[in-house]
Amino acid sequence: MTTLQLKDLPEVPLEAESISPDRFIGKTADEIAALPVNVGNRKACLGEFFAVSGDGGPEIVLEGDLARVKLIGAGMTQGQIHVRGNAGMHLGAGMRGGRIMVDGAVGDWAGAEMQGGHIHIRGNAGHCLGAGYRGSPKGMNRGVIIVDGDAGNEAGTAMRRGLIVIGGNSGDFTGAFMIAGTVVVFGELGERTGAALKRGTVVAFKPPRLLPSYRYACTYAPPFMGLLLRHLAGLGVAVPEAYLHGRYRRYSGDMTALGKGEILVWEAA
Amino acid sequence: MLRIINGTVYDPANGIAGEVRDICVADGKIVAAVEGGQVIDAQGLIVMPGGVEFHAHVAGAKVNAGRKMRPEDHRAMPIPRTALTRSGVGHTVPSTFAMGYHMAQLGYTTVMEAAAPPLGARHVHEELNDMPILDHGFLCLMGNNYFVLKYIAENDFARLKDYVAWLLNATGGYAIKIVNPAGVDTWKWGRNVNDIDEPADTFPVTPRQIVTSLARVQQELGLPHVIHLHCNNLGSPGNVATTLQTLQALDGLPVHITHAQFNAYGGAGWSDIRSGAAEIADYVNSHRNVTVDMGQVVFGPVTTMTADGPWQHRLYELSGHKWANADVEMETSAGVVPYQFSKRSAVNAVQWAIGLELALLIDDPWRMYLTTDHPNAGPFHAYPDIIKLLMDADYRAATLAGVHSAASTRSGLKDLRREYTLSEIVTITRAGPARCLGLANKGHLGVGADADIAIYPQVEDPKEMFYHPRYVIKGGQIVARDGRIVRDQPGRCLHVTPGYDGQIEAAISDDFERYYTVDFENYPVQLEHYLPDRVAVPCHER
Chain A
1 MTTLQLKDLP EVPLEAESIS PDRFIGKTAD EIAALPVNVG NRKACLGEFF AVSGDGGPEI
61 VLEGDLARVK LIGAGMTQGQ IHVRGNAGMH LGAGMRGGRI MVDGAVGDWA GAEMQGGHIH
121 IRGNAGHCLG AGYRGSPKGM NRGVIIVDGD AGNEAGTAMR RGLIVIGGNS GDFTGAFMIA
181 GTVVVFGELG ERTGAALKRG TVVAFKPPRL LPSYRYACTY APPFMGLLLR HLAGLGVAVP
241 EAYLHGRYRR YSGDMTALGK GEILVWEAA
Chain B
270 MLRIINGTVY DPANGIAGEV RDICVADGKI VAAVEGGQVI DAQGLIVMPG GVEFHAHVAG
330 AKVNAGRKMR PEDHRAMPIP RTALTRSGVG HTVPSTFAMG YHMAQLGYTT VMEAAAPPLG
390 ARHVHEELND MPILDHGFLC LMGNNYFVLK YIAENDFARL KDYVAWLLNA TGGYAIKIVN
450 PAGVDTWKWG RNVNDIDEPA DTFPVTPRQI VTSLARVQQE LGLPHVIHLH CNNLGSPGNV
510 ATTLQTLQAL DGLPVHITHA QFNAYGGAGW SDIRSGAAEI ADYVNSHRNV TVDMGQVVFG
570 PVTTMTADGP WQHRLYELSG HKWANADVEM ETSAGVVPYQ FSKRSAVNAV QWAIGLELAL
630 LIDDPWRMYL TTDHPNAGPF HAYPDIIKLL MDADYRAATL AGVHSAASTR SGLKDLRREY
690 TLSEIVTITR AGPARCLGLA NKGHLGVGAD ADIAIYPQVE DPKEMFYHPR YVIKGGQIVA
750 RDGRIVRDQP GRCLHVTPGY DGQIEAAISD DFERYYTVDF ENYPVQLEHY LPDRVAVPCH
810 ER
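Those protein sequence lines, which keep their order, are chains A and B. Using the numbering used here, the letters of the first sequence correspond one by one to residues 1 to 269. Using the numbering used here, the letters of the second sequence correspond one by one to residues 270 to 811.
Don't take every hint at face value.
Cβ-to-Cβ under 10 Å is the rule here; a few derived chain B residues that face chain A [what the hints assert, rightly or not]:
{"#": "1", "residue": "342"}
{"#": "2", "residue": "388"}
{"#": "3", "residue": "591"}
Straight-line distance between alpha carbons at most 30 Å, and here's what the computed DSBU-like set of lysine-lysine pairs gives [said to hold, decoys possible]:
{"#": "4", "chain 1": "A", "residue 1": "138", "chain 2": "B", "residue 2": "612"}
{"#": "5", "chain 1": "B", "residue 1": "337", "chain 2": "B", "residue 2": "612"}
{"#": "6", "chain 1": "B", "residue 1": "419", "chain 2": "A", "residue 2": "198"}
{"#": "7", "chain 1": "B", "residue 1": "457", "chain 2": "A", "residue 2": "260"}
{"#": "8", "chain 1": "B", "residue 1": "683", "chain 2": "B", "residue 2": "337"}
{"#": "9", "chain 1": "B", "residue 1": "457", "chain 2": "B", "residue 2": "419"}
{"#": "10", "chain 1": "A", "residue 1": "260", "chain 2": "B", "residue 2": "612"}
{"#": "11", "chain 1": "B", "residue 1": "591", "chain 2": "A", "residue 2": "138"}
{"#": "12", "chain 1": "A", "residue 1": "260", "chain 2": "B", "residue 2": "419"}
Just so you know, the hints here were simulated from the structure itself, not pulled from any lab data. Glycine residues also receive a C-beta, built at the ideal position from the N, C-alpha and C atoms.
Input sequences plus hints: build the corresponding full structure.
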């Protein structure tokens with residue numbers, strides 16, 4: 001296990017793609033401290049901002065308020081990162097495997113375009129959670145993101161595969177341009193949920209304001225929802241007991257796009 | 270002053286193929302001998318002229334539209350700033366600085382922007398001026414220009430000739446570019462033409478008339494480059510018939526058919542599209558008035574951009590990708606659609622095979638040039654790989670085995686064992702394009718030529734070789750060494766100044782003032798201001 005203790009909050013954001021098990025494995029604490037980071041337009045090393053201790057194993061623990069540390073675990077393929085505090089933008093962006101746990105809140109673009117692995121955020125997430133970067137045809141493509149708190153706008157934009165679970169509220173444009181995959185929101189949803197969604201499922205436990213291009217299909221009790229919710233409970237999501245029962249109103253859409261997707265709206269039993 | 274000694278020189282324009290010779294440079298030109306100066310020992314290295322990019326979309330409004338609509342493209346190839354060079358981004362549509370550095374790093378020293386609307390000439394010049402190192406010019410879109418169509422309709426050849434000459438002078442353009450003649454004009458009303466005898470809308474003139482008239486104009490003005498033609502029905506299955514009809518209509522008049530791959534499709538629809546490369550190659554082999562360039566497909570992302578508005582709309586409908594469309598007033602249109610060429614697609618596999626087949630079936634390398642129609646069929650930085658496909662039949666067969674079987678069953682590629690020699694590669698990337706463009710000082714290493722020189726390592730794998738030039742010399746200065754830019758200098762603009770009767774200005778001013786959004790006086794580019802470092806390539810008027 002390697003522990004990085006943030007010394008001081010940097011004045012400008014730190015771009016620290018090097019904080020990744022792939023980069024740490026097999027290195028000594030000194031070698032890890034020498035890994036490069038970008039701070040503003042200057043190149044620096046991790047050791048300038050972090051006290052590094054430990055052995056360079058596949059587990060990393062980050063301590064301190066890392067709200068201005070960007071790209072933690074970006075592109076990682078293995079191992080585990082535990083952030084004991086907040087994390088900055090682009091956490092786990094493009095990651096392919098491994099696990100990231102954040103005790104606090106994270107910035108925008110967490111899990112953007114990730115292709116595998118597991119992110120669990122105990123606090124709130126910023127905008128564009130699991131989204132595709134501007135212009136990209138695809139967002140998140142495989143993997144799981146769990147947010148216990150709220151998420152900002154554009155969660156799951158252009159998502160292609162995978163699962164996003166938001167325990168609190170979600171902002172506007174949740175699941176916009178989705179190609180496939182599943183977004184589950186336990187709290188309130190913002191405006192224009194599933195705008196231009198082609199396929200995929202948005203599950204809403206509070207009735208959302210739906211776009212006129214979603215069409216009511218039926219009310220039913222799909223067996224997969226019970227399986228999904230129990231699976232989520234197994235992953236450490238607090239699933240209210242009532243949600244395990246009840247039915248779902250299915251709205252098909254978005255009819256301005258392919259129209260093969262759905263928004264499922266839960267109704268108490 | 271510079272001497273390159275002991276290098277193995279390939280200079281097909283001067284009949285030199287792999288001889289050890291010394292090359293001497295003074296004042297930016299190749300000279301017979303110099304005393305003193307810097308010496309490059311090119312022992313074990315291959316020396317050839319700098320690359321001449323014959324047809325690439327690198328500057329102007331449509332390239333910028335491509336850049337703006339593809340932020341995802343910028344992420345693919347970031348280049349950081351260095352003490353000497355500026356930063357840039359972009360894979361298929363690089364920023365101007367990045368484009369110049371990338372091309373120089375591959376050994377290219379001249380680039381011809383493939384399609385510029387006259388009205389956008391200033392923008393094109395501004396971007397070309399920003400593009401470091403490369404000498405540059407642009408092909409001026411004329412095939413659907415209001416005045417061109419008008420004078421053809423009025424059968425007033427003298428005025429047509431004067432107008433073309435005036436337009437080239439007014440814009441600082443280099444040659445006549447024709448894109449989907451009559452078709453782009455009808456696109457302004459949402460339609461296209463499908464046949465070379467179908468008339469345009471603004472004036473009832475046909476593609477046949479436009480192409481033959483402008484070909485005659487080119488000959489009579491003695492412009493250094495022949496008409497540069499993007500045929501009707503580009504991209505559509507069965508269009509090989511249209512291409513051949515166009516060539517027959519020209520009846521011996523010199524013509525360059527650009528990105529011929531896109532115009533060499535057999536079959537009746539997307540389900541049975543097949544290669545028509547053999548028919549085109551047969552025609553080219555038996556008609557010395559015709560040159561072509563490949564427009565070779567490269568699997569992966571591309572950004573298609575062309576003045577062929579109706580085709581771009583069709584591609585948008587086929588691909589469901591983003592689409593930009595532009596109407597350039599009296600002159601042309603343009604469309605931009607990102608696309609992805611996939612090895613698993615039967616159509617894409619056939620398109621890929623056709624480009625190679627054309628290159629392998631056309632016997633004369635002096636009339637067939639290497640292009641990817643950058644960034645339409647592929648990005649230019651794939652050239653080393655295409656060179657390897659042409660030089661190595663086993664590599665080609667191995668690549669063919671990895672793409673959709675349609676490439677084998679619907680083209681003749683699998684039976685072609687021809688391998689390009691290094692001399693032929695130098696011809697299709699340097700000497701040939703320079704000769705076709707009428708650039709007497711480019712594409713060769715004879716005395717008096719511009720000292721644009723690329724020096725490559727002598728290695729087994731041509732792809733490795735062409736990716737890693739040891740030295741790139743532009744105008745006698747070493748600009749890149751071992752893949753790094755070591756000198757940042759501006760390129761020069763290549764343009765033409767054909768003569769014309771000044772009365773043409775009075776003749777067009779009425780319609781101009783009535784229909785254009787700019788004033789007549791504001792239209793011509795102030796060459797002194799925009800192009801301080803320019804070279805007027807001579808015309809040989811008849």
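Hints broken by the structure, by number, lowest first? Violated: hints 2, 6, 7, 8 and 12.
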